[in-house]
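**Q** The primary structure of each chain is shown beneath.
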Amino acid sequence: MSTAVESSRPGGRTKPATMAQALQRALRDALAEDPAVHVMGEDVGALGGVFRITDGLAKEFGEDRVTDTPLAEAGILGTAVGMAMYGLRPVVEMQFDAFAYPAFEQLISHVAKMRNRTKGAMSLPLTIRVPYGGGIGGVEHHSDSSEAYYIATPGLHVVAPATVEDAYGLLRAAIASDDPVIFLEPKRLYWSKDSWNPEAPTSVEPIGRAVVRRRGRSATLLTYGPSVPVCMEAAEAAQAEGWDLEVVDLRSLVPFDDETVCASVRRTGRAVVVHESSGFGGPGGEIAARVTERCFHHLEAPVLRVAGFDIPYPPPMLERHHLPGVDRILDAVARLQWESDGGMN
Amino acid sequence: MSTAVESSRPGGRTKPATMAQALQRALRDALAEDPAVHVMGEDVGALGGVFRITDGLAKEFGEDRVTDTPLAEAGILGTAVGMAMYGLRPVVEMQFDAFAYPAFEQLISHVAKMRNRTKGAMSLPLTIRVPYGGGIGGVEHHSDSSEAYYIATPGLHVVAPATVEDAYGLLRAAIASDDPVIFLEPKRLYWSKDSWNPEAPTSVEPIGRAVVRRRGRSATLLTYGPSVPVCMEAAEAAQAEGWDLEVVDLRSLVPFDDETVCASVRRTGRAVVVHESSGFGGPGGEIAARVTERCFHHLEAPVLRVAGFDIPYPPPMLERHHLPGVDRILDAVARLQWESDGGMN
Amino acid sequence: MSTRTGRSTPVMEQRGVHRPTPPPAWKPRTDPAPLLPDPEPYRVLGTSAVAEADSALLLKLYGELVRGRRYNAQATALTKQGRLAVYPSTTGQEAAEVAAALVLEDRDWLFPSYRDTLAAVARGLDPVQALGLLRGDWHTGYDPYEHRIAPLSTPLATQLPHAVGLAHAARLKGDDVVALAMVGDGGTSEGDFHEALNFAAVWKAPVVFLVQNNGFAISVPLAKQTAAPSLAHKAVGYGMPGRLVDGNDAAAVHEVLSEAVRRARAGQGPTLVEAVTYRMDAHTNADDATRYRSDAEVEAWRAHDPIALMERELTGRGLLDEERIQAVRDDAEEFAAALRAGMNADPVLDPMDLFTHVYAEQTSQLRDQAEQLRAELAAEQEQER
Amino acid sequence: MSTRTGRSTPVMEQRGVHRPTPPPAWKPRTDPAPLLPDPEPYRVLGTSAVAEADSALLLKLYGELVRGRRYNAQATALTKQGRLAVYPSTTGQEAAEVAAALVLEDRDWLFPSYRDTLAAVARGLDPVQALGLLRGDWHTGYDPYEHRIAPLSTPLATQLPHAVGLAHAARLKGDDVVALAMVGDGGTSEGDFHEALNFAAVWKAPVVFLVQNNGFAISVPLAKQTAAPSLAHKAVGYGMPGRLVDGNDAAAVHEVLSEAVRRARAGQGPTLVEAVTYRMDAHTNADDATRYRSDAEVEAWRAHDPIALMERELTGRGLLDEERIQAVRDDAEEFAAALRAGMNADPVLDPMDLFTHVYAEQTSQLRDQAEQLRAELAAEQEQER
Ligand SMILES: Cc1ncc(C[n+]2csc(CCOP(=O)(O)OP(=O)(O)O)c2C)c(N)n1
Ligand SMILES: Cc1ncc(C[n+]2csc(CCOP(=O)(O)OP(=O)(O)O)c2C)c(N)n1
Ligand SMILES: [Mg+2]
Ligand SMILES: [Mg+2]
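Chains as they are written, first to last, in the numbering used here: chain H, 1 to 345; chain W, 1 to 345; chain L, 1 to 385; chain S, 1 to 385.
These are calculated hints, taken from the structure and not from any lab test.
For clarity, every value in this text was computed on a predicted model and none was experimentally measured.
For each residue, glycine too, the CB sits at the ideal point set by N, CA and C.
Please note: incorrect hints may appear among the correct ones.
[Stated by the list, open to error] Now the in silico label distances, taken between C-beta atoms and shown as ranges:
(1) 124/L <-> 34/H: 50 to 58 Å
(2) 383/L <-> 34/H: 42 to 50 Å
(3) 361/S <-> 31/L: 54 to 62 Å
(4) 206/W <-> 376/S: 18 to 26 Å
(5) 382/L <-> 34/H: 39 to 47 Å
(6) 80/L <-> 326/H: 45 to 53 Å
(7) 267/L <-> 178/W: 29 to 37 Å
(8) 178/W <-> 124/L: 43 to 51 Å
(9) 137/W <-> 326/H: 48 to 56 Å
(10) 291/L <-> 146/S: 29 to 37 Å
(11) 383/L <-> 178/W: 55 to 63 Å
(12) 217/W <-> 296/H: 17 to 25 Å
(13) 326/H <-> 368/L: 18 to 26 Å
[To be verified] Covered by chain S, according to a simulated footprint, are these stretches of chain W (three or more residues, beta-carbon under 8 Å):
(14) 185-196
(15) 257-270
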């Protein structure tokens, strides 16, 4: 009991929390602080969302602030656009990655472009939460990694948290942003735990800064979202093989933090990009290309990519073969042409 | 009159034709040869399409084969899926690039995946024609280059012709393919002319082969669709500066012809990717990354990209600033670090 | 103003004003009256209409209902044993599921949503194959052409335009084929529902749209989904008839759907049928329905159980006794046992299938990736030894 | 079967069959009758209803109609002079355009489609700004907040959910604001139309949907777009009233829209209004209408011209004579001259705007790209010197 009392005071104790709890807390704090914030989507009310991220919010803030919508994603996003036009800050939940696709026209032709179309007169402070990625045994259409579509669309910000703390901080930053933000929530990290102080949640800087999660000298793993813990694990395992890997968590794909990324790659001279979405046409190509453009003479080897295969997301029983795992990452690290320069330093 | 008579015989004379004419001819020949082929879309009937690509086809083949649909892109593609399930070969026209977005869910969740979902039992021989790209003075939503979305979607083929001959050959190949093909028609090349023999139209190989449009030794321009003529022009202009540029027309983005591309880049040691779609997250990143992965030790400089800016497509009066032109391509070629190795050879 | 109640009377020469000729396309082209549904869902069981019902059909329906109920129970049990990843039950909805399957000829096509495995099974599909998606070994567990059952559709309402396109294609080819497409109440809010119905009506495609209004889209009740008098009222906006039917009355659903199929076959175009029913279980085994609905509501519907309704009629006709009931139940048990056995056998998986069915011809890119995985798996096996 | 015509009579104790209690949600919740449109488009001009029409309003409408016609002619002329990239004319549709603008209060919002620049102009927007999109110097030529006019929407029907969301937001904030959204007959086939109307009805949002049925979506006639009795009949499927009105009768459109706005303001929810009209010009100046319609059809509609209809009434009332007509025409000429002058002035363009309005805060990436363009432009200027 004493813990509960203590943790309800600001400055209360740090304790383990899940990413789901941090996200929920971010929504609650945003709703409480700013009456313009509205949460809307399918089943976000009484049910609290299929992942329970909005659990209890409808009860606390009422159905006008936390609204179960009809089942129509273009309608959800389209009406959210109208609400944002009128000064509200809608936070839209798309139930799963693949169920955001019906809203694609609204997203591309209006959400991403409204500020530009109106020469800055009309902005859309909209947050679009998309539970994304695989690894949860979901049947088809429940495990897509759709970030390639979003990052290719100028006008959108695209972020993905990998830690409990970032889940809170980035979601607050997204809701506070005056621009539309695609907020990718790695489904399989919802129940990941970290020690975190929910009463004094650290806020992150405004969207757009990568962070070095692990320092290392041999090579850099560039990654984000659900692949961050996998890369951390790979970096640990790599030690046994004599590689001291640096891990950069991009956090934000748009804007892209060239500075942090290039500083790391220039230091290590080698890089592997790791993500779950398909390789071909995925974010890894962009990342590898821009790192190469900027760091060419620092590179001892081409920037390699470890990504999902170029196939539709597999059925649950086969998904482990698709997902980039520790071994596949280490295989890529091994192909970074170490013989030529003794990169084992 | 004699010309007309001669050209109506197989083996008749080559004469100038536009890409629009070649596309129309491809549709007519496909309709005539295979009763399973159906053309459908908005205004494809009596009007002949807003670009007149289907001109006269409804009259010739009847409204059951060439059908004006209700105005609903998801409905058009969704019903085409059903028609393909029953063994037809629908050729769908999306009126403009941005108006294909409402059909995105059907495209991603069904069209691209049907063969895979059914373990090969059900294939969708569907061609989706998308007039795409800018340079025609179109108002907003009429000039998007949307290929990044398509190439990031496993299960789709993505092709773009740059010449009159390829327009015919690739469209025939697309319609003959047992898989869905996104057929990107560069709007501003519709009225480009080439000498072509419509009575003995050369067929191209099955989808997936790039072609070297111009041989050169200094560096390779990798490009496709509307940027091919611009690159050819740039290559001519480059001669004055002492560069002998090779130009590779990719023709097909999926499948990607690594063989032809890498052979060229290994030969020249330098490459610039040129396309009209936005740079960030666009096809150029993928192309640069895979060329670098495969040809790293042949590269004298990083693979550079010349692409549209990372902005919503500009209004007509400003679009020239956005489109990759000869000067911007030559600027990129100049940045290929010539001083280090005397690439002017 | 008078738009609501009456019409303004044209006055030909009022104050010298010349009355202009009504231009073409002035009047609605179809009479809306026959398109509108009756205000009460159509029923057969427990009404005078039941007298006309054929005993053989009722018995057939009864058998399928009982087997369907058993199927739902068995599939739910399989989720608890980890043999199914997830199962969306149709307990309480068996009447609509089963009737949808039985009204079709072999040459017709069924377009089920993700919930409608029971309809597929009632059409003759091996239940193990029907449950492939939910077991997780592949996306579609069957060859759609074998029983003319389209893949179960998870993205809501997206299967409806497919049904329209297929039916239209069949009609163009001169084939006598009807497509029956199933969708939930929630799915009617999607744009694809609208576009599919509109295409169907314009093309006069031989399609039947069956909406199972089971009261909920996961947790969202119908009142938050639509303000329409009924979902069947949407039909008039497309120019097709809308029919409201008691979805728990298998005889009524069968009759209404048969009539719709007959219309479609006769070239009279599509029909929208709303079957009013109730989802007795949670959305899926993973859902917690107590969060959004009361036990009292569930109980009220239990009194209107599709199997009980049918049993009363058959008993009344003297067609059912304890023995007959037991025989039907035994059949259902046998069915369940076979299903259990089928599901308890581990599926044979080939990871290489991931690369085989992306394109008709494997690209070199995928060949390379398949090679990579093959090498990884070989190394894995090596290590395991 | 009796679903079409009558209802089956429940028989309480037929052959011992117990009649089950009807479960909750059994009956349609709304009476559909008042939602259905009258079979004939509502008219005022040339009917007895005109007696009630206010002269001042009719004169105001007349002035706007004449000015609107002149605006259409001027804009079309500007395309020939290369001052407009393209122009979709509303010649023949002025009544609906103008009435839509006039029924709104200043605090209300208008959501026009790409064709509806005339409605924006009639609401008070500078026509040069209204035509910005079509001139091509920027996408939206005006600040939407100034006159509460959303950006002209080119992707069809996508503006409808925006209108619903804005009206809903205003209502949540307790503001007395109505949104009026315009769409074409073709646009009603899009999924966004369906979803917007459904949300509006469920939320009881203060929105009015105005469909201008001008007979065509580019070349596609209404009969290939829908099989519905009328587009207004779609309303009942959402649970809102549908109204059919003569779209060339400015007094009738004004009355029907005013009533719909009043309902919305009173918290009674949305209305769908179909204005039956005709597009006298081609789809745009770039279109060739002879490919898909006959001159005879166009002529039939010319006899039902919105300006002529109004002129007859005003002349009948003795409110118009040659002099008054001339004054109205002079005003329209003046308006056209100002528009010409405005459009003949070259717009001031700043290529740097391309990078300024992508995000609230320019990213370093865009800063670099802006720098690149700046350098290129400087080099260009250098060369030109
Ligand atoms: C396009 C789309 N959006 C969201 C979902 C997630 N989802 C799955 S089932 C469901 C509710 C469906 O309700 P209803 O249509 O009434 O069918 P029921 O489950 O009642 O059979 C939702 C929202 C989905 N599958 N597809
Ligand atoms: C989503 C979308 N698809 C296609 C188009 C291309 N297009 C522009 S106008 C038009 C016809 C519109 O017809 P209608 O809705 O009746 O409006 P009208 O032009 O008659 O005013 C079409 C197909 C578009 N703008 N948006
Ligand atoms: Mg339901
Ligand atoms: Mg129209």
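**Q** Against the structure shown, which of the earlier numbered hints fail to hold, in ascending order?
**A** 2, 4, 5, 6, 8, 10, 11, 14 and 15
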